[in-house]
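Novice: Using my numbering, the letters of the sequence shown map in sequence onto residues 331 to 609.
Among the hints, a few may not be true.
Said to hold, decoys possible - Straight line, CA to CA, 25 Å or less: simulated SDA-like cross-link-like pairs of lysine to any residue: (1) 349 <-> 382; (2) 424 <-> 413; (3) 530 <-> 412; (4) 395 <-> 343; (5) 561 <-> 381; (6) 336 <-> 391; (7) 395 <-> 550; (8) 561 <-> 390; (9) 424 <-> 390; (10) 349 <-> 551.
Said to hold, decoys possible - The calculated label-pair distances, taken between Cβ atoms and stated as ranges, are: (11) 455 <-> 582: 49 to 55 Å; (12) 524 <-> 336: 51 to 57 Å; (13) 443 <-> 415: 26 to 32 Å; (14) 576 <-> 523: 54 to 60 Å; (15) 453 <-> 389: 45 to 51 Å; (16) 372 <-> 349: 30 to 36 Å; (17) 393 <-> 369: 29 to 35 Å.
No lab work stands behind these hints, which were simulated from the structure alone.
None of the values given here were measured: they were computed from a predicted structure.
Idealized CB from N, CA, C, for every residue including glycine.
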Amino acid sequence: MLPHEKIKFDQVDCDFGSKYWLPIQWALSIVCTSRQRQLIDSDYYCERICEEIRCFRNNLANLRKFDWVPLPLAYPQLVYLAIHVHFFIILISKQEIILSAAQNNTTETSRTIAIEIRCFRNNLANLRKFDWVPLPLAYPQLVYLAIHVHFFIILISKQEIILSAAQNNTTETSRTIAILNRWFPLTPAIKFFFYMAWIKVAMVLINPFGEDDDDFETNALIDRNFKVGMKIADGTSDDVPKQLKDAFWNRNIEALYSEQSIKNNERQDGLVGSATKFT
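I would like the entire structure built from these sequences, with the hints used as guidance.
Specialist: Take a look at the structure:
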């Protein structure tokens, strides 16, 4: 902002908040004046320039809204609690409990399933090695694979396998735990609790004009927008600062990278697949 623009900016009386809208109004007024003086060839070009200015203004407004009204505090707290409780339960439930009687009577079913899963994982790893994938693509692929393998293992491991020999040799504690899990599954109940809590928080986020402390003040927004609209129409529509050349007008813009980087980029065409060099 030039000094004379800063003076005119300070001269605008605004008792209803910030004056971020004023430079945008100046830019739109300059575009309309340029069209009237035939500096812009057609109305289409004028409309496109105004549309880009409005898009820039909307992006700035969205950025300010995200900084102004944060997400409800209950959401990050709930996520924090859910993650820690989940891994605390996993830390206990995933430990291997060695029972001598059960070990002596285990069948080959569990070992066969584990071998098949490891074989499936190794085949997927070998398939991925044939085509080298950059890191940004590897992350979603890894997440996709992890989710499907996780639920595939859950599909098998959550099924109740009835072994007569193992049932005859299980301890009283294991039978009690099995009965409790049969009547009240603890882990699915905790998952259901957190998932439903997330849904409730999401429903609160859908209505940003509610009665919570972090919601928007609708009346204040309406009053402010009405006053700004009247100020734009009455006070600043034709009051545009004089256009002068700034300090960067005659300066050549230098690249932020070195000449060696330019030479390396010239040898690369971009959007090159991983199998283009194979014949």
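Novice: Return the numbers of the hints above that this structure violates; sort them in rising order.
Specialist: 9
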